[in-house]
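Go ahead and model the full structure; you've got the sequences and the hints to work with.
One line per chain: the protein sequences are B and Z, in this order.
Under the working numbering, the first residue of the first sequence is numbered 1, with each subsequent residue one higher.
Under the working numbering, the first residue of the second sequence is numbered 1001, with each subsequent residue one higher.
Bear in mind the hints are in silico, worked out from the structure with no lab data behind them.
Please note that the accuracy of each hint is not assured.
As the list claims (entries may be wrong) - BS3-like cross-link-like pairs, simulated, lysine-lysine; straight-line CA separation at most 27 Å: (1) 1341(Z) / 195(B); (2) 186(B) / 144(B); (3) 144(B) / 1022(Z).
Said to hold, decoys possible - Interface residues of chain Z toward chain B, partial, derived using beta-carbon atoms under 7 Å: (4) 1031; (5) 1034; (6) 1036; (7) 1096; (8) 1098; (9) 1106; (10) 1111; (11) 1338; (12) 1339; (13) 1342; (14) 1349; (15) 1353.
As the list claims (entries may be wrong) - According to the in silico footprint, chain Z covers these stretches of chain B (three or more CB under 8 Å from chain Z): (16) 105-113; (17) 136-146; (18) 246-253.
Idealized CB from N, CA, C, for every residue including glycine.
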Amino acid sequence: MTENGSHTEKVIEVRGLKTQFGDTVIHENLDLDVHQGEILGVVGGSGTGKSVLMRAIIGLKRPSAGSIRVFGVDYLEADEETRLGVERRWGVLFQAGALFSSLTVAQNVMAPIMEHLHPPRALAVDIAAMKISMAGLPADAGAKYPAELSGGMQKRAALARALALDPELLFLDEPTAGLDPIGAAKFDELIVNLKRSLGLTVFMVTHDLDTLHAACDRVAVLAEKRVIACGSICEVRANPHPWIQEYFGGVRGRAALASKGVGADAARQEAQ
Amino acid sequence: MSAVQTLFDIDIEGDLLKLVAKGDWRAPNLGQIDGALRDFEDDSMGRDLLIDVSAVERMDTAGAMVLQRVLRACQTRGERSRIIGAAPPHAALLEQVGEHIVPCPVEPARGNAFVAMLNRLGQGAVEAYFASLEVLSFVGFALSSAARVMANPSRIRWTSVVYHMEEAGLNAVPIIGLMSFLIGAVVAFMGAKILRQFGAEIFTVELVGISVLREFGVLLAAILIAGRSGSAFTAQIGTMKIREEIDALRVLGLDPMEVLVLPRLFALVIMLPALAFLAAMLGLIGGGLVAWSSLGISPVLFITRMQETIVMSNFWAGIIKAPFFAFAIAIIGCFQGTEVKGSAESLGQRVTLSVVQALFLVILLDAFFAMFFLEIDF
Chain B
1 MTENGSHTEK VIEVRGLKTQ FGDTVIHENL DLDVHQGEIL GVVGGSGTGK SVLMRAIIGL
61 KRPSAGSIRV FGVDYLEADE ETRLGVERRW GVLFQAGALF SSLTVAQNVM APIMEHLHPP
121 RALAVDIAAM KISMAGLPAD AGAKYPAELS GGMQKRAALA RALALDPELL FLDEPTAGLD
181 PIGAAKFDEL IVNLKRSLGL TVFMVTHDLD TLHAACDRVA VLAEKRVIAC GSICEVRANP
241 HPWIQEYFGG VRGRAALASK GVGADAARQE AQ
Chain Z
1001 MSAVQTLFDI DIEGDLLKLV AKGDWRAPNL GQIDGALRDF EDDSMGRDLL IDVSAVERMD
1061 TAGAMVLQRV LRACQTRGER SRIIGAAPPH AALLEQVGEH IVPCPVEPAR GNAFVAMLNR
1121 LGQGAVEAYF ASLEVLSFVG FALSSAARVM ANPSRIRWTS VVYHMEEAGL NAVPIIGLMS
1181 FLIGAVVAFM GAKILRQFGA EIFTVELVGI SVLREFGVLL AAILIAGRSG SAFTAQIGTM
1241 KIREEIDALR VLGLDPMEVL VLPRLFALVI MLPALAFLAA MLGLIGGGLV AWSSLGISPV
1301 LFITRMQETI VMSNFWAGII KAPFFAFAIA IIGCFQGTEV KGSAESLGQR VTLSVVQALF
1361 LVILLDAFFA MFFLEIDF
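Given below as structure tokens:
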């Protein structure tokens, strides 16, 4: 998508962001754009503030400076109603799923539907059933409580809840962490399929190199309190920054590249 | 109704039903037409249905789902039903959603309400039986651990014990002091009012002294500690259980009983007698002040009268119960904590159970003590 430059609309626009906890500065002067219809992968070492960036964008962590615009709305200055309008257009998948443990999976998915749309219950049940199936869960999972599900199924259930209101923008915090490679690959596939069929824009925080190769259109690298590189994987790989070189050039980085078959020759040459 | 009309029209052309969908078929608008569409699904008996979506301006997955659902309902009877005129993005959406029209249960199946009630009753009884066995085994386990640790006092975790003594004991002083002061005052008031009718005001001293020393002081302290610390123990240990911290302790070779339960147990057993003493004293002061202000019994007279008529056994009968109450509260609090499973709801249930059971046990023990003291004339 980057190549043909077809996207013009910026869904998320972060400018000069500064966040801090007490005296510890997490981000400083951070700029980031997410375009309509792309999957952006945000990578970075532990503690570089990937999750904090996501929390800042969705309004859970108040920045100390800078502006964040989502769908063109400056979240910090918007009034309550505009903000609610924006919130209904995005879905968030938290790292640990954050399913309500006292509700069944179906009730979890129905919660935002009932709360925001007030439909007849039967319609909400139908919508929830569809989302649960779309997230790749068997139908009988609907009546189960989160504690009865495996880690991968919890992630899927949380995804179903994130998709409940047909969001245009999806935030995923390490969606494949803790999944086995097969489960993770299926999850990547699911995200790409959903993006394609529903026209989603996805902001994904991840560590998973395979996910980056399999799912992401663009990659943003977080280091030194800001985004040091942003572009397609090939572009980012070309960046000489030592962390990037170590990340993509390490054993795992080359393995992920080789398995994807993209530039396998290059990887082989590097290996020699 | 007008909004409904703007979303679809129904035409009947001979044997063929035609549903013309138009406008904004997105989730917020569907609520108002869902009922009408369900009626339509039931009414369309045996006719073929043609759904024309060419006039639909916007559609989301929920809209596509509803259209597919109507289509399926009719397809079972009229095989030539289909959707026509979908714009490419809508067609893609309809196709994508079509694979996911699967009914899905919302809650675990529940049978007949009466049977379910009987079932719950039986289950409750069986659970109560096993729970009491488990509490007993927990008590035995705690006692044997305590004995083992006592035999080797260097294994007592003093830091933790002192921390809980402060948290559960010292920090509870103001509230326990205030409550027992007020109760002492109330007892004196009520007693004075009634005893005056017989000209026996002076017996207010015995009334306050015996009731506060024997019962109220220690009971109040125990009840407040059960509500304040028993619940806290359950919540702390329960949260640790949910976060697998208890398992982590165990695999690190640390005995959760020694690390978590015993310090809390020791702290309460040490502190509750002290709190009971404090409560008794403040109860006496409250009663004494009321006697002085409303009956004219001076503090000197009050104290002299107490020394003459109230034997020390009343005081000891109160204090001696405190460690037993403390044991019951700490054991129930910790036991319920270890029984927490998975969810936030379970934690809430267990904290409630912990307080209720601790209070129940405290009152029950108190009754046993009362009978016991009566028998031995203490």
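Structure-based check of each hint:
Of the supplied pair hints, the one linking residue 1341(Z) and residue 195(B) is violated, its CA atoms being roughly 37 Å apart against a limit of 27 Å. A distance of roughly 22 Å separates the Cα atoms of residue 186(B) and residue 144(B); the hinted pair therefore holds under the 27 Å criterion. The straight-line distance between the Cα atoms of residue 144(B) and residue 1022(Z) is roughly 37 Å, outside the 27 Å bound, and the hint therefore fails. Interface restraint check for residue 1031(Z): the shortest CB-CB distance to chain B comes to about 4 Å, inside 7 Å, so the restraint holds.
The beta carbon of residue 1034(Z) is positioned within 7 Å of a beta carbon in chain B (closest approach about 4 Å), and the interface hint is therefore held. Because the smallest distance between the Cβ of residue 1036(Z) and any Cβ of chain B comes to about 11 Å, over 7 Å, the interface hint for this residue is violated. A distance limit of 7 Å between C-beta atoms decides the matter here; for residue 1096(Z) the minimum to chain B is near 4 Å, and the interface restraint holds. At a threshold of 7 Å, the smallest CB-CB gap from residue 1098(Z) to chain B is about 10 Å, leaving the interface hint violated.
With a least beta-carbon distance of about 4 Å to chain B, the hint placing residue 1106(Z) at the interface is held under the 7 Å criterion. The beta carbon of residue 1111(Z) is not positioned within 7 Å of any beta carbon in chain B (closest approach about 14 Å), and the interface hint is therefore violated. For residue 1338(Z), the suggested interface contact is broken, since its CB lies about 17 Å from the closest CB of chain B, more than 7 Å. The interface hint given for residue 1339(Z) is violated, since its Cβ lies 15 Å from the closest Cβ of chain B, which is over the 7 Å cut-off.
This hint holds: residue 1342(Z) has a C-beta 4 Å from the nearest C-beta of chain B, less than the 7 Å allowed. At a threshold of 7 Å, the smallest CB-CB gap from residue 1349(Z) to chain B is about 10 Å, leaving the interface hint violated. Contact between residue 1353(Z) and chain B, as hinted, is not supported at the beta carbon level, the nearest pair being about 16 Å apart and thus beyond 7 Å. Check on the segment 105-113 of chain B: 4 of its residues sit with their Cβ under 8 Å from a Cβ of chain Z, so the three-residue criterion for coverage holds.
Counting residues of the segment 136-146 of chain B whose CB lies closer than 8 Å to any CB of chain Z gives 8, so the stated coverage by that chain holds, three being the minimum. Coverage of the segment 246-253 of chain B by chain Z is violated. Counting CB-CB distances below 8 Å, 0 residues qualify, and the rule asks for three or more.
Checked against the numbered hints given earlier, this structure breaks hints 1, 3, 6, 8, 10, 11, 12, 14, 15, 18; the rest are met.
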